[in-house]
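Novice: Turn these sequences into a full structure, and let the hints guide you.
Chains as they are written, first to last, in this note's numbering: chain A, 1 to 291; chain B, 1 to 291; chain C, 1 to 291.
Hint data in this document are derived by calculation from the structure and do not stem from the laboratory. Treat the hints with care, as some may be off.
Which copy? The list can't say, so a pair holds if one copy fits it or any two copies do.
[Claimed, not checked] With a straight-line cut-off of 20 Å between C-alpha atoms, the simulated SDA-like cross-links for lysine to any residue are:
#1 K84 x P57
#2 K84 x P226
#3 K214 x E189
#4 K217 x H115
#5 K259 x H49
#6 K214 x H115
#7 K61 x D27
#8 K84 x A199
#9 K61 x G29
As the structure is a computational prediction, the values presented were derived from the model and not from experiment.
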Amino acid sequence: MSDRRTILIQLDPDPQPSSFDRVVAIDAGVDEVFSYGSVRAEQVEPLVHGAIFTRGPEDLKRTAIFVGGMDVAAGEELLQRVLKSFIGPMRVSVMLDANGANTTAAAAVHAARRHLELSSATALVLGGTGPVGQRSALLLAHQGADVRLASRSQRRADAAATAVCEAVGSDRVSGYETYDDDTIGAALEGADLVISAGAAGVRLLPRDCWEDAKALKVAIDLNAVPPLGIEGIEVVDKATERSGISCYGAIGVGGTKMKIHKAAIRSLFESNDKVLDAETIFDLGMGEGGA
Amino acid sequence: MSDRRTILIQLDPDPQPSSFDRVVAIDAGVDEVFSYGSVRAEQVEPLVHGAIFTRGPEDLKRTAIFVGGMDVAAGEELLQRVLKSFIGPMRVSVMLDANGANTTAAAAVHAARRHLELSSATALVLGGTGPVGQRSALLLAHQGADVRLASRSQRRADAAATAVCEAVGSDRVSGYETYDDDTIGAALEGADLVISAGAAGVRLLPRDCWEDAKALKVAIDLNAVPPLGIEGIEVVDKATERSGISCYGAIGVGGTKMKIHKAAIRSLFESNDKVLDAETIFDLGMGEGGA
Amino acid sequence: MSDRRTILIQLDPDPQPSSFDRVVAIDAGVDEVFSYGSVRAEQVEPLVHGAIFTRGPEDLKRTAIFVGGMDVAAGEELLQRVLKSFIGPMRVSVMLDANGANTTAAAAVHAARRHLELSSATALVLGGTGPVGQRSALLLAHQGADVRLASRSQRRADAAATAVCEAVGSDRVSGYETYDDDTIGAALEGADLVISAGAAGVRLLPRDCWEDAKALKVAIDLNAVPPLGIEGIEVVDKATERSGISCYGAIGVGGTKMKIHKAAIRSLFESNDKVLDAETIFDLGMGEGGA
Numbered sequence: 001m002s003d004r005r006t007i008l009i010q011l012d013p014d015p016q017p018s019s020f021d022r023v024v025a026i027d028a029g030v031d032e033v034f035s036y037g038s039v040r041a042e043q044v045e046p047l048v049h050g051a052i053f054t055r056g057p058e059d060l061k062r063t064a065i066f067v068g069g070m071d072v073a074a075g076e077e078l079l080q081r082v083l084k085s086f087i088g089p090m091r092v093s094v095m096l097d098a099n100g101a102n103t104t105a106a107a108a109v110h111a112a113r114r115h116l117e118l119s120s121a122t123a124l125v126l127g128g129t130g131p132v133g134q135r136s137a138l139l140l141a142h143q144g145a146d147v148r149l150a151s152r153s154q155r156r157a158d159a160a161a162t163a164v165c166e167a168v169g170s171d172r173v174s175g176y177e178t179y180d181d182d183t184i185g186a187a188l189e190g191a192d193l194v195i196s197a198g199a200a201g202v203r204l205l206p207r208d209c210w211e212d213a214k215a216l217k218v219a220i221d222l223n224a225v226p227p228l229g230i231e232g233i234e235v236v237d238k239a240t241e242r243s244g245i246s247c248y249g250a251i252g253v254g255g256t257k258m259k260i261h262k263a264a265i266r267s268l269f270e271s272n273d274k275v276l277d278a279e280t281i282f283d284l285g286m287g288e289g290g291a
Numbered sequence: 001m002s003d004r005r006t007i008l009i010q011l012d013p014d015p016q017p018s019s020f021d022r023v024v025a026i027d028a029g030v031d032e033v034f035s036y037g038s039v040r041a042e043q044v045e046p047l048v049h050g051a052i053f054t055r056g057p058e059d060l061k062r063t064a065i066f067v068g069g070m071d072v073a074a075g076e077e078l079l080q081r082v083l084k085s086f087i088g089p090m091r092v093s094v095m096l097d098a099n100g101a102n103t104t105a106a107a108a109v110h111a112a113r114r115h116l117e118l119s120s121a122t123a124l125v126l127g128g129t130g131p132v133g134q135r136s137a138l139l140l141a142h143q144g145a146d147v148r149l150a151s152r153s154q155r156r157a158d159a160a161a162t163a164v165c166e167a168v169g170s171d172r173v174s175g176y177e178t179y180d181d182d183t184i185g186a187a188l189e190g191a192d193l194v195i196s197a198g199a200a201g202v203r204l205l206p207r208d209c210w211e212d213a214k215a216l217k218v219a220i221d222l223n224a225v226p227p228l229g230i231e232g233i234e235v236v237d238k239a240t241e242r243s244g245i246s247c248y249g250a251i252g253v254g255g256t257k258m259k260i261h262k263a264a265i266r267s268l269f270e271s272n273d274k275v276l277d278a279e280t281i282f283d284l285g286m287g288e289g290g291a
Numbered sequence: 001m002s003d004r005r006t007i008l009i010q011l012d013p014d015p016q017p018s019s020f021d022r023v024v025a026i027d028a029g030v031d032e033v034f035s036y037g038s039v040r041a042e043q044v045e046p047l048v049h050g051a052i053f054t055r056g057p058e059d060l061k062r063t064a065i066f067v068g069g070m071d072v073a074a075g076e077e078l079l080q081r082v083l084k085s086f087i088g089p090m091r092v093s094v095m096l097d098a099n100g101a102n103t104t105a106a107a108a109v110h111a112a113r114r115h116l117e118l119s120s121a122t123a124l125v126l127g128g129t130g131p132v133g134q135r136s137a138l139l140l141a142h143q144g145a146d147v148r149l150a151s152r153s154q155r156r157a158d159a160a161a162t163a164v165c166e167a168v169g170s171d172r173v174s175g176y177e178t179y180d181d182d183t184i185g186a187a188l189e190g191a192d193l194v195i196s197a198g199a200a201g202v203r204l205l206p207r208d209c210w211e212d213a214k215a216l217k218v219a220i221d222l223n224a225v226p227p228l229g230i231e232g233i234e235v236v237d238k239a240t241e242r243s244g245i246s247c248y249g250a251i252g253v254g255g256t257k258m259k260i261h262k263a264a265i266r267s268l269f270e271s272n273d274k275v276l277d278a279e280t281i282f283d284l285g286m287g288e289g290g291a
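Specialist: Dropping the structure here:
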């Protein structure tokens, strides 16, 4: 049993590497966090080689890589570069959580699971083409739900729905165009669950719409900055009953998100070959209790 | 009692965050220092949110923020941004010590207190319009001294004196123009204390002037790079008697400055609502003994 | 006996400070690594002053400086700036290992010492004008070997040989021009040892040439990226017999390199006045066993 300190190498495309991700890494018990900001794709290889060429095979699992930052596309590019920089068994575990999208989506779907049998549920995801929305749709589809992925543009909604279907190997995700009360009402018709994952400060769902939705049992808003995406929900809602519906706000699911984030970080150090993305991060939440 | 590691987030507008401030933070016992350089005002909010959204209310006092750097104006702007980024009780303690100005001024005034009853003293501050000079004048006025704030320009001296009076709620700080032996002699007339806080390598006070000053009891020079501001003082002077006057050089007050700096860092972690600026940092020096 | 944490200040001219050097510092037991990237020469002085003005004389040896990065010339300039920034006894230990050149050359020459009496050996260094090549030549000359420093240009080979002779105070290093089988064969004639230290992916020595070299006993290739500089050697070779010659590849000497690197880091904290360059780093390897 080695007593080498655990090291997490934080790769962040933003100019200042996220303090949020650094604090969570420390609180997950990592001994040393190496934080790199303004990381460009071509800088990844030497940083990864520094991770894999310094410790012996039995200690490789005590070094890991975290890819974060505000820009999900940039984060995904960095992750691909990380994976390409490994040399056979010379590799370390790596986690992607750009903009907290994977841990946030996982926390939202775990909150829904407390109230619904997802394999027989119908879910509407508003703001479904964004990173959190797509990941929420993917996790819901993976759990067997019928998913309605909504956007203001039918074309973009369909494209994202197709991408999720291909990723999950499912045909139960469909694109919905929602731009007024009528189209929103139609998308909500028969849905058990609505998750709002749109841009900060944009109202996506008026109160009248969701209070009238007869099948609706759970409503989750992932925006922390007022006005929230779902009118009438508060950021601190956590299984709060409103008009007979269980409501969650961003802070209400924040505790679960944080537990999942820390569990994911800790799991990186169990072996040197993990690649944590949306689904594997969701699975880690299984043992972490509810919201 | 939480056992979470203490974290100090160092925000520095300079390209390379100060190694001085990092070493002092470590030696003050901080577990983890997150050092950010080239910090611009618009980058502050997400860095602060990473501090306040990651730990529960009872652990917020185990995270704190330090604003440093060579440029005092830039540091003050960052501090204002930090304060604006807090959300009600979601806040952490913060300290400003750009260019060491607050701790240096505090150390100088503490050295003077060992020899003088400041509430009845008259003090001349040379280089009084700079950051250390203004803060020294402010602390002296706060202790009840009559303060003569000197500059080569009467206009700038008056402006700084007015600013200090307004900050302290006092009318006992006056601007003095000093540019030759006569004007310096007039400013020194009747002064018990002189503090030289001018730019590095600029002689502000010839030996003849201060050796002739009959009332003078204490002379303090805060410049570490020869030639010093007060001719005849050595950087290592520490209550050294010269012509019957107690003299201090920059290294002579350095021990007190360091103790105050460390005490200030430690006090950040006592609660989550401290804002340490010149006066509060000075008060921390009260329990730290002499120079 | 102080219990202050040990601090290594890593100065790296590259945009992202080397993760390799950070991991090795941690594994050498350093408590805190301050990593600075994009370090320019004019930024060195304040960073050094932060190291020497913060801890008392008895604790100065618990802070040290490491200069690394890919660019050896830039690293040497930073080292010179570090040395100029010290003020008499106010100094800390410092190590230069830009691009791993010093530790790699030391590991290669230590591998050769396992098989040869260097004081009576003749050595050929291919790629001898590069940083690792020059340092290998220097260490071999220092051990008393006859050294043939080879390059594709006679002029550059001679210039580097002259520089090494002056550094060591020897006249036993000569420049060789090698560009085809005949010139390589001539350079190998009578050599006991060949070290290949050229650019990655460039073949410098065909298999026929070295298998025909009658005097040759040891062949060392320091390139980790295929094709290697010496045809027929494998990166993992470690005293591997090939055609009666003891062969080493880059990974084969990597264990020794790592031990030397860590021993060098640890030695920095034994006193506050060490300056570790090629020769002193080589000497540290004496107690570290073989490859």
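Novice: Are the hints correct? Go through all of them and say.
Specialist: For each hint, the structure was consulted:
no.	hint	result
1	K84 x P57	within (19 Å within a copy, 41 Å between copies)
2	K84 x P226	between (41 Å within a copy, 17 Å between copies)
3	K214 x E189	within (8 Å within a copy, 87 Å between copies)
4	K217 x H115	within (8 Å within a copy, 75 Å between copies)
5	K259 x H49	between (30 Å within a copy, 18 Å between copies)
6	K214 x H115	within (16 Å within a copy, 81 Å between copies)
7	K61 x D27	both (19 Å within a copy, 14 Å between copies)
8	K84 x A199	neither (32 Å within a copy, 23 Å between copies)
9	K61 x G29	both (15 Å within a copy, 18 Å between copies)
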